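Heads up: the sequence shown at position 148 corresponds to 149 in the numbering used here, and the numbers run straight through without jumps.
Quick caveat, the hints were computed from the structure, so don't treat them as lab data.
Keep in mind it's a predicted model, so treat the numbers as computed, not measured.
Heads up, some of the hints might be wrong.
[As the list claims (entries may be wrong)] If you anchor each label on the Cβ, the simulated ranges turn out as follows: (1) Asp299 / Arg113: 32 to 42 Å; (2) Ala92 / Ala38: 33 to 43 Å; (3) Asp305 / Arg200: 21 to 31 Å; (4) Asp202 / Asp299: 45 to 55 Å; (5) Pro220 / Arg340: 24 to 34 Å; (6) Leu18 / Glu208: 42 to 52 Å; (7) Asp67 / Met176: 31 to 41 Å; (8) Lys245 / Asp67: 28 to 38 Å; (9) Arg19 / Gly332: 35 to 45 Å.
Backbone N, C-alpha and C fix where the C-beta goes; we use that ideal spot for every residue, glycine too.
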Amino acid sequence: MARRKKQKKQVKEALDLRTFEHAEKAEELDAAFGDLALPSFFIDSIAGAYGAAASSILEGIAQAKDRPVTFRANTLKSSAEEVAEALRTAAIEFERVPWYADAFVVPASFERAVWDLDLIHDGKIYLQSLSSMLPPLALAMQAGQDILDMCAAPGGKTTQIAALEPQAHVTAAEMHAPRADKLEHNLEKQGAKNVQVMRVDARELDEFFSFDRILLDAPCTGSGTLIAGCERTLKGFSEQLLQKCARSQRALLDRGLTVLKPGGYLLYSTCSVLPQENEDAVAHALKKHRDCELVALDKAEDADGNPTVAAPFAELLAQHDIPVLHNEIDGTVTVAPSREYEGFFLALMTKKR
Numbered sequence: 002m003a004r005r006k007k008q009k010k011q012v013k014e015a016l017d018l019r020t021f022e023h024a025e026k027a028e029e030l031d032a033a034f035g036d037l038a039l040p041s042f043f044i045d046s047i048a049g050a051y052g053a054a055a056s057s058i059l060e061g062i063a064q065a066k067d068r069p070v071t072f073r074a075n076t077l078k079s080s081a082e083e084v085a086e087a088l089r090t091a092a093i094e095f096e097r098v099p100w101y102a103d104a105f106v107v108p109a110s111f112e113r114a115v116w117d118l119d120l121i122h123d124g125k126i127y128l129q130s131l132s133s134m135l136p137p138l139a140l141a142m143q144a145g146q147d148i149l150d151m152c153a154a155p156g157g158k159t160t161q162i163a164a165l166e167p168q169a170h171v172t173a174a175e176m177h178a179p180r181a182d183k184l185e186h187n188l189e190k191q192g193a194k195n196v197q198v199m200r201v202d203a204r205e206l207d208e209f210f211s212f213d214r215i216l217l218d219a220p221c222t223g224s225g226t227l228i229a230g231c232e233r234t235l236k237g238f239s240e241q242l243l244q245k246c247a248r249s250q251r252a253l254l255d256r257g258l259t260v261l262k263p264g265g266y267l268l269y270s271t272c273s274v275l276p277q278e279n280e281d282a283v284a285h286a287l288k289k290h291r292d293c294e295l296v297a298l299d300k301a302e303d304a305d306g307n308p309t310v311a312a313p314f315a316e317l318l319a320q321h322d323i324p325v326l327h328n329e330i331d332g333t334v335t336v337a338p339s340r341e342y343e344g345f346f347l348a349l350m351t352k353k354r
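Work out the full structure, taking the sequences as your base and the hints as a guide.
Right under this line is the structure:
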């Protein structure tokens, strides 16, 4: 019996991602922040993309080692008032977040004490970075809507969506079995009963499905979450990872805009500050999907003076001190890494009716 020939593994052609050249600024950054030991492709990219503001990104990465503990009260099982009282009882110092009533900031020195709280074991709080709390707030959800979280595990934003709009019908997609198991565990622990988990690759969602709101918090390089001196955050951070993530991001955005209902909104986010994963991904998607357009997250009114769906989020940005970087697409938001915030990107798109 003849043996089958082994099929050669198909090698995917590399994406033609943008490269940046700003030799003078890159050399300046290397001289000032060389001890951070960051890859040259990253330094070149932020030098070319952000110019003088690139220094603030590296300063944020240096400060990140002192980042405080942040979490939100899970209003499906508790309240911000109950959480605040429990923190006082445990003699844990805290601050409230002015732009999100359910969010708390605790000094890093109290991290062990937070983990010892019954609140965390009972699912009454969820540890989550401040930056990652922003996308669900920008999604402008309403009761009764069909909402998709395309890359849901481990469930931080999914459970936040469920808490913000408990009368919505939420579908959480996750393709990897161990991560889907973790997602289901967190949903149960947080009491998110309006969420259905779909174990599927969101890039292959059938066009039979359609959604009013979609959150695509895409897998990314995590360049916005780098921490100086932390090998865990730098492990695997490379141009090869950037290629892999950019390919996945474009496929996910393509499918997300395909299954978005006319008149619906998709919020795209990453925890990266690299334009190749952010502005370039959005531009690529909108070039392909001519029936979709960007909705400015930083403007409360449209050209005719009418309030937009993004008005509450635009007011949040205008009224509070969130470290925002200027980027290449007006209306999108790049949060700079800092002591309090991870680097993040947000863009809101709609499908025309």
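Each hint tested on the structure:
1. Asp299 / Arg113: 32 to 42 Å: Holds: the Cβ-Cβ distance is about 38 Å, inside 32 to 42 Å.
2. Ala92 / Ala38: 33 to 43 Å: This hint holds: roughly 38 Å between Cβ atoms.
3. Asp305 / Arg200: 21 to 31 Å: Violated, since Asp305 and Arg200 (Cβ atoms, about 44 Å apart) do not stay within the stated range.
4. Asp202 / Asp299: 45 to 55 Å: With a Cβ separation near 33 Å, Asp202 and Asp299 fall outside 45 to 55 Å, so the hint is violated.
5. Pro220 / Arg340: 24 to 34 Å: holds, 26 Å
6. Leu18 / Glu208: 42 to 52 Å: Cβ of Leu18 to Cβ of Glu208: about 28 Å, so the range 42 to 52 Å is violated.
7. Asp67 / Met176: 31 to 41 Å: Check passed, 35 Å falls within 31 to 41 Å.
8. Lys245 / Asp67: 28 to 38 Å: The hint (28 to 38 Å, Cβ to Cβ) holds, given that Lys245 and Asp67 are roughly 31 Å apart.
9. Arg19 / Gly332: 35 to 45 Å: violated, 20 Å
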